[in-house]
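Taking the hints as your guide, dock the two standalone chains into a single complex.
As you go down the protein sequences, you meet chains A and B in turn.
661 is the number of the first residue of the first sequence in the numbering used here; add one for each residue after it.
61 is the number of the first residue of the second sequence in the numbering used here; add one for each residue after it.
Simulated from the structure, these hints should not be mistaken for laboratory data.
All values reported here derive from a predicted model rather than from experimental measurement.
Among the hints, a few may not be true.
[Stated by the list, open to error] Some chain B residues near chain A, calculated using beta-carbon distances under 10 Å: (1) Ser87; (2) Pro168; (3) Arg326; (4) His327; (5) Tyr328.
Cβ coordinates follow ideal geometry from the N, Cα and C atoms, glycine included.
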Amino acid sequence: MTGTGPDEPVIEVRGLRKEFVVRVRAGRFRRTKRVVTAVDGIDLTVHRGEMVGYIGPNGAGKSTTLKMLTGVLTPSAGEVRVCGFTPVPQRTRLALRIGVVFGQRSQLWWDLPLRDSFDLLRHIYRVPGAEHAARLRRCRTLLDLDGFLDVPVRQLSLGQRMRGELTAALLHRPEVLFLDEPTIGLDVVSRQAVRSFLAELGRAGDTTLLLTTHDLADIERLCRRLVVIDHGGVVHDGSIEALHTRYGSRRLVVADLDEPLAETPVLAGAPLLRTEADGRRLVFACESATASTVVAGLAQLVALRDIAIVEPDIEDVVTRLYRAPAPVEPG
Amino acid sequence: MADRTYRLGVVPAYLALLRGQARSQASYRTSFVVDLVGNVGATVFDVLTVLVLFRVTRDLGGFDRTEAMVMVGLSSAAFATADLTVGNIERVRQYVRTGLLDAVLVRPLGALPQLLLMDLPVRKAARSLFGIGVLVTALALADVSWTPGRVALAVLAPLAGVVFFGSIFVATATLSFWWIDSGEVGSAFTYGGRDFTTYPMTVYSGWFRAVFAYGLGFGFVAYYPALALLGRADPLGLPAWVGWLAPGVALLAAAGAATAWRVGVRHYRSTGS
Numbered sequence: 661m662t663g664t665g666p667d668e669p670v671i672e673v674r675g676l677r678k679e680f681v682v683r684v685r686a687g688r689f690r691r692t693k694r695v696v697t698a699v700d701g702i703d704l705t706v707h708r709g710e711m712v713g714y715i716g717p718n719g720a721g722k723s724t725t726l727k728m729l730t731g732v733l734t735p736s737a738g739e740v741r742v743c744g745f746t747p748v749p750q751r752t753r754l755a756l757r758i759g760v761v762f763g764q765r766s767q768l769w770w771d772l773p774l775r776d777s778f779d780l781l782r783h784i785y786r787v788p789g790a791e792h793a794a795r796l797r798r799c800r801t802l803l804d805l806d807g808f809l810d811v812p813v814r815q816l817s818l819g820q821r822m823r824g825e826l827t828a829a830l831l832h833r834p835e836v837l838f839l840d841e842p843t844i845g846l847d848v849v850s851r852q853a854v855r856s857f858l859a860e861l862g863r864a865g866d867t868t869l870l871l872t873t874h875d876l877a878d879i880e881r882l883c884r885r886l887v888v889i890d891h892g893g894v895v896h897d898g899s900i901e902a903l904h905t906r907y908g909s910r911r912l913v914v915a916d917l918d919e920p921l922a923e924t925p926v927l928a929g930a931p932l933l934r935t936e937a938d939g940r941r942l943v944f945a946c947e948s949a950t951a952s953t954v955v956a957g958l959a960q961l962v963a964l965r966d967i968a969i970v971e972p973d974i975e976d977v978v979t980r981l982y983r984a985p986a987p988v989e990p991g
Numbered sequence: 061m062a063d064r065t066y067r068l069g070v071v072p073a074y075l076a077l078l079r080g081q082a083r084s085q086a087s088y089r090t091s092f093v094v095d096l097v098g099n100v101g102a103t104v105f106d107v108l109t110v111l112v113l114f115r116v117t118r119d120l121g122g123f124d125r126t127e128a129m130v131m132v133g134l135s136s137a138a139f140a141t142a143d144l145t146v147g148n149i150e151r152v153r154q155y156v157r158t159g160l161l162d163a164v165l166v167r168p169l170g171a172l173p174q175l176l177l178m179d180l181p182v183r184k185a186a187r188s189l190f191g192i193g194v195l196v197t198a199l200a201l202a203d204v205s206w207t208p209g210r211v212a213l214a215v216l217a218p219l220a221g222v223v224f225f226g227s228i229f230v231a232t233a234t235l236s237f238w239w240i241d242s243g244e245v246g247s248a249f250t251y252g253g254r255d256f257t258t259y260p261m262t263v264y265s266g267w268f269r270a271v272f273a274y275g276l277g278f279g280f281v282a283y284y285p286a287l288a289l290l291g292r293a294d295p296l297g298l299p300a301w302v303g304w305l306a307p308g309v310a311l312l313a314a315a316g317a318a319t320a321w322r323v324g325v326r327h328y329r330s331t332g333s
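Bound-form chain B, shown alone (with noise of 0.2 Å):
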């Protein structure tokens, strides 16, 4: 079998997985829509806290408010977006500690994109269209002096917040092949670099700045883009051009969490029987 008809036949099978999780969920429709709405809910309030505390002050590390809303909606976006598509790989510890991975690998197809699509929560698609509806009312309330390079920044930069917090979650994800028992260590990267990501880095300090915006990258999610966006220097120091390296930032994190999670897998150890 020559190896090209076997990549051409890969979309048709993964599109069949897609469809399998949509006709399973419609089978619950009730639970659907309540889930639906319910899921707006965090989101919203992530959106609200940050509202509520310029309304004690005028400037949050030295942006103002629709400048900081700008960070918020490029977190919210990227981070829901995310979660819709690449969030509930968390599950994959279920999938080890019951011995459920056996019946992804016997399949002829990849065993990260199969429980990707085999649990797509499209309940939380509305998350992810509040989010970009708030980056989208930021950018048209900031004053952006748009050139064609910050259209295409505006387009690249939740996309590639996207990809990193998607690298996020699976590279939290396969730390369950080595400790079953991992519990809630990955929210501490996921949901707290959610959280990190939605004020300025101005507001931070010392290692843990350090650690977390430019050894971990979370500063290229929002804050360094919305910089680029806004036309506004580094309060920080670094250059302007920063501001660009998030795509780069996100690839990086995307082939390192793929390492991650290949290594994991052979490490898998199945269950007794």
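So here's chain A without its partners, still in its complex pose (with noise of 0.2 Å):
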């Protein structure tokens, strides 16, 4: 069987395990093995077009469970389908059907310029002509490519160097596209950049799109649903709405006030967090209460100059996460 029905999932993990053989030092000659699990019993199912965010401290098996759906590494145990196919064992089959961006592993031609890097990769994939000219075309304009087209790739910036990298990745038109910190030391343009030609990607809706990152803001930008690996396991899997309601998180409304209250006002589901300002800022928690509610409420206690709701900081809401302790440190 090959490819994928409609209505059946692109990605379906179950059990998914790597462990590691890892020798250490114990005394001078001597060795001792010992395993260490990166990958610990995750299960997936990923449906055409989401946008998924997988994220997770570092050495959590971001990486290593990227590498097991794209055909790199054999798992130790478990089931996975891309696309229908088995990675390892159909691995140049499935190539054809996915894009891979590994922040740190070129695909482009390190002496050449980067526009011979997409012909070859024309051929490499057997994209044909005209398809891979359109497809060049568009990602040139989005990813604003003309400028360093002819330049060779070892003389581009990262920056460059990581658009060229996403180009290469999409010239084929893969069903899904994983990337493993696209973001990674780029700077505010070209973050931004990226950000937004993947936005885009997404809104078209028949890219699949697994992407692993640090930076939180990428996840925000782009994908509705989250997981969160640590240990080796999934700790969160949902919307990142669902993860603030798991996690307590709650958006806040700031008042700013002409002069301070003589009390301090009570409004129902919404307790106040803190004063600041010698009491010329109120900060109230939204627990039961809506922002909208809290601000109508307030709005009829007290004279407001200025009022804002603080969107839930999703990077709290991780850390809390991330510091569940941890039993072996994974490699």
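Written out as structure tokens, the structure reads:
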């Protein structure tokens, strides 16, 4: 069987495990073996067109998972199907259907102009000339490649190269795009360019995207679904909102007043978190109340100079998630 | 997608890799020419070593100079050509150690042919041509009574030798999947094997000859085909048709190397990020 039907998941993972045997020095010549479990029983189902953020602290098993999904690493146990293929035994056929950007591993020819790499990749992925040209034209516009198409890859800046890598991964119209740390080390402008490009790709809706990152702004901008892993296992799988609900992060209403109040206002379902600026700024947390009822309630009680609603900070939530105790430091 | 269209498409894909490699090398033109010339040196010395030996002795392991040169020619033509086409596979160690193999494995092509074509050291071509030159000269000087069979063997034996040495290169390179700091262990079998096949098997003895010549099959690269070409009986007592086993031995070696490679790739561990 090849490929997937329209309703079948594009990625289906059951009980995925990866163990590495690590030899540790024990004395001058002796070494002892130790088994490190990098991925410890991951289940994951991703449907066509989904954009999934795959996050976790260093060593949580993100890259290892991605490498097992793309056929680079052989799983120790569990089942993997990507685009209807089993990645390792059907690696080359799967490779025609997926695009991969591993931040640290280039797909481009180091000594050749960027343009040449794209041309060579057209033959390697067997893309018809017209289709290739059309897709390249689109990437050139969206990623602004024209300024450095004729520059050898070794002379490109990291941001330019990453834009090149993204184009290289997309020229064969992959069904799934795997991105490992696509914005790592990029400056603000390049980071923004990469994000907008991926957002645009997501809007088109036919490419499934699985992305690992340390930059949570990537996730907030791009992914409705968030999978958090730690110590090789999934600790959260759902929307960003669900993550906030589950870990009790709340929107804040920040009210600036002309004069400090004599007595603190009491609002149902929104406790006062703190006062700042000598009592001229009040910070309420929206627990059971919605932000709009808090704002309306406040407006009746006091004279407001300014008011702001602060979105919950995903970074806070994730930091709290990561703080669970570690059994063994994974490799 | 039908499997057949997929296979047809592979050839232009590999050609593209080769083109990329050629263009990359052309971007460093001067060093390319220097390498091309400098590289012949090593093979020339191998041949000179044997010629020098014959200044102090009339025969080597029961063979005279022209006969020995047929073995030298077979050995160096086969080794230099294998080194040109497959030799750079020893660089897989760097790919494994640095995790660069990831980028190779996500492409829709076999990992082994990709690595070979991405690193084809065209500068080694001169060595291969020199080796073939030695073989042709030696065969012309030696007193070969040519039959259609011997003509075929004169073409097949060096090709089998290329396949055989290529298999040794691949098999030793796969060590790095299990043992990243395998160092120069592989060279004992590749460069060691070349040196071993340069001389008649009769100069070796005991377990060493048994293991290298018959156990690992190095005796079938130059020695036995040379006997068959020269029409000489084997001083070690094997029948005359043994020289014709060379292609079969080469195919066995290739099958073994391919299996080792496939198992090795599945043991690839990549790196941390």
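Results of checking the hints against the structure:
For serine 87(B), the shortest C-beta to C-beta distance to chain A is roughly 5 Å, which falls under 10 Å, so the interface hint holds. Below 10 Å, beta-carbon pairs count as interface contacts, and proline 168(B) has one with chain A at about 4 Å; its hint therefore holds. Evaluation of the arginine 326(B) hint against chain A yields a held restraint, the C-beta minimum of about 5 Å falling below 10 Å. With its C-beta approaching chain A no nearer than about 8 Å, histidine 327(B) sits inside the 10 Å limit, and its interface hint holds.
Hint status for tyrosine 328(B): holds, given a least beta-carbon distance of 7 Å to chain A, under 10 Å.
Checked against the numbered hints listed earlier, the structure breaks none of them; every hint is satisfied.
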